[in-house]
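Chemist: Sequence:
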Amino acid sequence: MAWEVRSRNGIWLPQIEWHLDAHRPARRAIITHAHSDHVARHGEAICTSRTARLIAARGASPGQKVRNLDFNESVAITPMATAKLVPAGHVLGSAQVLIEHSDFGRLLYTGDFKTRPSRTVENCARPAADVLIMETTFARPHYVFPPAEKTMQRAIAFCRDTLAAGEIPVLLGYSLGRSQEILSHLAGAGLDIMLHPRVEAVTRVYEEIGYSFPSYTSLAPLMASGHVIIAPQQALKSELFEAISPIRTAVLTGWALDEQTHYRSRTDAAFPLSDHADYPELLAFVEAVQPQRIFTVHGFATEFAADLRSRGWDAWALGRTNQLELGF
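Take 1 as the starting number for the sequence shown in this note's numbering and just add one per residue.
Calculated from the structure, these hints are not laboratory results. It is possible that part of the hints are untrue.
Label-pair distances were calculated between CB atoms; the ranges are [to be verified]:
{"id": "1", "residue 1": "Arg119", "residue 2": "Glu44", "range": "28 to 36 angstroms"}
{"id": "2", "residue 1": "Ala164", "residue 2": "Gly188", "range": "12 to 20 angstroms"}
{"id": "3", "residue 1": "Ser215", "residue 2": "Ser310", "range": "48 to 56 angstroms"}
{"id": "4", "residue 1": "Ile247", "residue 2": "Ala76", "range": "48 to 56 angstroms"}
What you are looking at is a predicted structure, and each value in this text was computed from that prediction instead of being measured. Glycine included, C-beta positions come from ideal geometry on N, C-alpha and C.
Using the sequences plus the hints, can you model the full thing?
Modeler: In structure tokens:
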């Protein structure tokens with residue numbers, strides 16, 4: 001999506017266009033966080049310094065000209081608009097984009113976000129805005145995530161049972177964000193931990209910034225027996241795992257609330273740990289922001305927009321077909 005300015009008071013200005021989380025290279029873009037599906041090499045990019053460091057650690061570049069902003073630091077993006085990055089609570093360095101326009105008011109773009117507190121993420125902000133563009137990945141009523149501590153107690157029990165059976169437990173999660181949250185919750189569990197190289201590279205950035213984790217070593221297949229391995233799910237198909245046996249796998253994802261997840265993921269277990277907002281959080285976020293109009297994106301965008309309209313909000317799914325729901 002893009003924010004553009006063409007004219008003011010009858011005077012034509014050059015078109016100035018900023019893309020938000022562009023998947024392909026753009027002339028100008030604001031990057032909300034370092035997950036690969038939100039990153040491309042742009043001509044000019046804005047992101048937080050932590051996001052820039054994480055992008056670099058993952059072997060990518062946010063752009064030819066990059067401006068790193070601190071949270072709550074404003075920057076002019078057009079003659080009539082400023083942008084400010086505020087914490088999104090998704091992964092380390094993740095940001096929402098608050099755009100303030102002299103004629104049209106305040107627009108808040110959440111990017112991926114969650115409001116639950118986490119051990120490895122800045123707390124999510126809830127600024128007031130006139131227009132809200134919000135992510136709705138888990139926007140159905142049955143997506144209500146249990147406390148992370150409760151989920152990780154189950155995951156730790158899985159690890160201990162697996163080790164007692166003479167097998168190697170493998171906990172699967174995104175190399176950025178989810179894996180560090182998993183690792184943090186293993187503190188005090190008395191488990192020996194190995195990290196996949198991609199997980200370790202990101203974890204080192206967290207440690208450089210000041211986050212602390214339980215002791216771990218680099219994944220060494222021939223020495224993996226007796227250890228808990230934290231790895232991204234796609235790593236199971238790599239050569240690195242060919243020499244690791246026998247293993248028992250568990251995926252940690254918000255989709256674990258769906259009973260078929262561990263069958264679909266081909267793992268032995270699934271535990272509900274997510275870095276996205278669940279259904280109650282989405283509703284509470286709207287109440288906190290108090291927007292005049294809402295646009296939903298990703299996941300159950302159409303259903304959640306209809307849900308919000310039934311609650312009295314002016315809400316529509318961005319880029320989706322809403323015509324059949326119009327009341328005429």
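Chemist: Take the hints in turn and mark each one as holding or not.
Modeler: Checked hints:
1. Take Arg119 and Glu44: their Cβ atoms lie about 34 angstroms apart, and the range 28 to 36 angstroms holds.
2. At about 19 angstroms, the CB distance of Ala164 to Gly188 agrees with the hint of 12 to 20 angstroms.
3. The hinted window of 48 to 56 angstroms between Ser215 and Ser310 holds, with their beta carbons roughly 51 angstroms apart.
4. For Ile247 paired with Ala76, a C-beta distance near 53 angstroms keeps the hint of 48 to 56 angstroms intact.
The structure shown violates none of the earlier numbered hints.
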